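The lines below spell out each chain.
2 protein chains.
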Amino acid sequence: MRKVAVQTESKSYDVWIEAGCLHKLLPMLKSWKKQPTSIFIITDSTVAELYLDRVKNQLKDHYPLVEAVVPAGEASKSFVEFEQLLTVALENGLDRDSMIIALGGGVVGDIAGFVAATYMRGIRFVQIPTTLLAHDSSVGGKVAINHRLGKNMIGAFHQPEMVIYDPELLVSLPEQEWRSGFAEAFKHGLIQVPEFYQWLQEKIDSFVDLDVSLLEQLLERSIAVKAEIVAEDEKEAGVRAHLNLGHTLGHAIETQLGYGKMTHGEAVALGIIFAMRLSEQLYQVKLPINEFKQWLRQLGYDTNLPKTLQAESLLATMKKDKKVNAGIIRMVLMKEVGSVQVEEVDEKEILTLIEKMLGE
Amino acid sequence: MRKVAVQTESKSYDVWIEAGCLHKLLPMLKSWKKQPTSIFIITDSTVAELYLDRVKNQLKDHYPLVEAVVPAGEASKSFVEFEQLLTVALENGLDRDSMIIALGGGVVGDIAGFVAATYMRGIRFVQIPTTLLAHDSSVGGKVAINHRLGKNMIGAFHQPEMVIYDPELLVSLPEQEWRSGFAEAFKHGLIQVPEFYQWLQEKIDSFVDLDVSLLEQLLERSIAVKAEIVAEDEKEAGVRAHLNLGHTLGHAIETQLGYGKMTHGEAVALGIIFAMRLSEQLYQVKLPINEFKQWLRQLGYDTNLPKTLQAESLLATMKKDKKVNAGIIRMVLMKEVGSVQVEEVDEKEILTLIEKMLGE
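Which chain is which? The protein sequence lines are A and B, in order. Note that the first sequence covers residues 1 to 360 in UniProt numbering. Note that the second sequence covers residues 1 to 360 in UniProt numbering.
No wet-lab data here; the hints were simulated from the structure. Please read these numbers as outputs of a predicted model, since none were measured by experiment. Honestly, I wouldn't trust all of these hints.
No copy labels: a pair is met if it fits in one copy or bridges any two.
To be verified - Cross-link-like lysine to any residue pairs, in silico, SDA-like; alpha carbons within 20 Å at most:
id, residue 1, residue 2
1, Lys11, Leu22
2, Lys323, Pro64
3, Lys235, Leu282
4, Lys3, Leu22
5, Lys11, Lys235
6, Lys30, Asn304
7, Lys293, Glu347
8, Lys235, Glu9
9, Lys11, Gly238
10, Lys11, Ala237
11, Lys293, Glu355
12, Lys293, Gln201
Next up, chain A with everything else stripped away, as it sits in the complex (with noise of 0.2 Å):
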C-alpha cells in the first residue's frame, strides 16, 4: 500500500493511500497497543449518506460508537458546533481513550480535529478524509474553527494517529471540489518542487474520469511535500508559513464572499496569481502567471476576482490574517517557480493591485 510518514516533533503518524483502503481500517486499529475504549464518528449530512454505514458496519461488533453529522459546509467550523459535539461526546461518557473518526472533508477535520484537540485536554482522532482538499488539510495537525472575524482564527496543532486516504471515496466529488482541493497540490509544486508542478501540468487537464492510478501518484506526491515541510516546522516558526501562498488574499476573499460562496482552493488560486504578479512587481522577475492562468481556466477555474469584491473590504480582511505582525502584512512571495519566501508588503501596494485586477 502507498504510504507517506509524518514525523513531527510530537507525533509520527502514517498517511496510507490506495483504492479501496477503507476496508482496513478495522485490522489497522485492531493493531493498536492501546484499544479505543469507544469510537466517536464525526461527519457531514453530505458524507453520511454515502460513507457513513461503511465504516460503522466494520466497526459497530467491536467497539462502542457515537455517531454525530454536522451540516455540510464551512459554516459548521462554528463555536456552536463545537459545543454541541462536546455535549455528545460528553452525554455518550467518552473518556481520555475514546478516539474520534474524522470521515469527511476540510471541514470535518477541522472541527473535529478541535474537539479531539480539546476534549478533556486531548484524545486520539484518526482522519479519513473524502475530499481532494482534505489531503492537504488532514496531514499536519491543524486543526480550527473560524471566528465570525476570521477563518480558522482559533484552533490548535494535534496530529492525527494515522490519515486514511482511500482514493474511491472521492469519485462523488462535484467539479468545484476537484478545484478546491488540486489548487493545494499544484501550491505544493509552486512553492518548493517546480518537478511536480511541470508533471501537474503535463499529466492534468480535466477531472473527469481521473485515471485512479494517476490520482494515487498526486496524492502521494503532494502530500509527501506536506510532509516533509511540517517535519521540518510543526509549529510554524519558520518554513511552514510558505505553504500560506495564495492564503492571505484566499481566505480573504473567502470571509468577504461570506463562507462557502466560493471553495476554498478556487479563492487559494485567485490568491496565488494575485501572489504572483505582486512578485513580478517587488522582486522585478518574471514568472510564467499567463501559461497558469490558461491551464486554470482549462481547468474550470475563474481566474478574475469577482466583481462583487471591494479592495478596501478585502485589505481590512487581509490585515487580520494570522500571519499580520504589528499591524504589517505579510506575504508568501515567489521569487521563481519553487523558491518562495515571506515578505512584510507594504499595503498600499496590496490595496492598487487588488483595485487593478478588480477593474480587470
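Dock chain B against chain A, hints included.
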C-alpha cells in the same frame, strides 16, 4: 529572588516568588528576545479593583494594552466567556506575537490560558497569581473551561512563559480562599513528601496574619513538588495523575452543589478524607485520618459532607471524571502518607462509603 524552575517536554520556565516582585514585571518582559507586539490583560472583577492599575501603569508606556474583566467566580469558565474573550482579542488585532497576562486566581488562569492556547493556535501567556490556590493551577500548563456536564472538561496543555508570584497580592484574600489554596499544598505533601506535610502541620495553625517569609517558603516547597511531577509527566500519562488525590469526589461535590458554592480546596479536602477512608478499607492500612481532620477543623474546614448532597448523584458525576476508563472509576488511593497510586475502584464500595459519610 526565590525561584522554582519548571522543565516540561514542551517548555521550560520560571516561577518567581517574592513579596513585591510584581514591580519587576516590566524589566522581566523587557528581557525577552522576542518582544510582545501587544499585551492582553485578562482579570476578574474582584482583582481588577485591587491590582489592575498596578499592572497597567507599569506597562502602558511600553506596549499596546488590551484588557478584559470577567465576573469573579467559577461561572466565568464558560463557553460564552471563552468566545467573548477571543472576540476581544480579534477586535483589538492581537497577533501571533501578542501575549496574554492572566492576572488572578485559578479561574482567570484557566480561561485566560485556554484563550492563549487556542487563539491563532496558541500565543504566549504569563501568569500573575493572586490567590493561594493559583500556586497549584498556575504551574503545569493545564488550562480549561467547564461544561455543564463536568468541570475542566474542555481544555489544553499550554505552559506559561513565566509565573510571577507576589505574596503581597494574597493579603486581601478571604479566609475560605486561604483554605482553598492550602488544600493543594497539604495534598502535595500527602502524595509524595511526608516531611513537607509534617512541616505544614507544625507551622500552620491559622491563616490570620500569616508570616510572609513562612508563606514564601510554603509556596516554594509546594510549587517544587508540582514542578517535579510535571517535569516527569507533562501530559498526565502517569505520575501526574497522583495530583488528583481528593479530586474525584471533590469535583463531584463542586458540580453537585453548583460551582462556587464551596471553594475548590474545601471540596478537595473532603475528597481527600474520603480517599483516605476508602484506602484504609481497600488496603487494610491505618492512616492518620483523625489527626488530619482535627487539624483541618482547627483551620476552619468542614470535615463532614454537606447534608444536601445525594450519594447516587455524586456517584453519577464521579463517573464522568476524566480518569474514568471504559466506565470504571479510577481514584488516587493512599498506602501511607507520601505514597499514593491510581486504582480502579468498584462503584458499590464508593456508594456505600459516601452514604455512610452522609449519615455521620
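Verification of the supplied hints:
1. Proximity of Lys11 and Leu22 under a CA criterion of 20 Å is satisfied in neither setting, with 23 Å inside one chain copy and 38 Å between copies.
2. For a Cα distance limit of 20 Å, the shortest separation of Lys323 from Pro64 across copies, 18 Å, qualifies, whereas the shortest one inside one copy, 42 Å, does not.
3. In this assembly of identical chains, the alpha carbons of Lys235 and Leu282 never lie at most 20 Å apart, being 28 Å within a copy and 46 Å across copies at closest.
4. Within a single copy, Lys3 and Leu22 get their C-alpha atoms as close as 14 Å, which meets the 20 Å cut-off; across copies the closest is 53 Å, which misses it.
5. Proximity of Lys11 to Lys235 under the C-alpha cut-off of 20 Å is found in both arrangements, the shortest distances being 12 Å within a copy and 14 Å between copies.
6. Within a single copy, Lys30 and Asn304 get their C-alpha atoms no closer than 50 Å, and across copies no closer than 47 Å, so neither meets the 20 Å cut-off.
7. Taking the shortest Cα distances, Lys293 and Glu347 never come within 20 Å of each other, neither inside one copy (25 Å) nor across copies (67 Å).
8. When the C-alpha separation of Lys235 and Glu9 is checked against a cutoff of 20 Å, the pair qualifies both within a copy, at 9 Å, and between copies, at 15 Å.
9. For the identical chains of this complex, Lys11 and Gly238 are neighbours both inside a copy (19 Å) and across copies (18 Å), given an alpha-carbon limit of 20 Å.
10. Within a single copy, Lys11 and Ala237 get their C-alpha atoms as close as 17 Å, and across copies as close as 15 Å, so both meet the 20 Å cut-off.
11. Taking identical chains as interchangeable, the C-alpha atoms of Lys293 and Glu355 lie at most 20 Å apart only when both belong to the same chain, with a minimum of 19 Å there against 75 Å between chains.
12. In the homo-oligomer, the alpha carbons of Lys293 and Gln201 lie at most 20 Å apart inside one protomer (12 Å), although the nearest pairing across protomers, at 77 Å, exceeds that limit.
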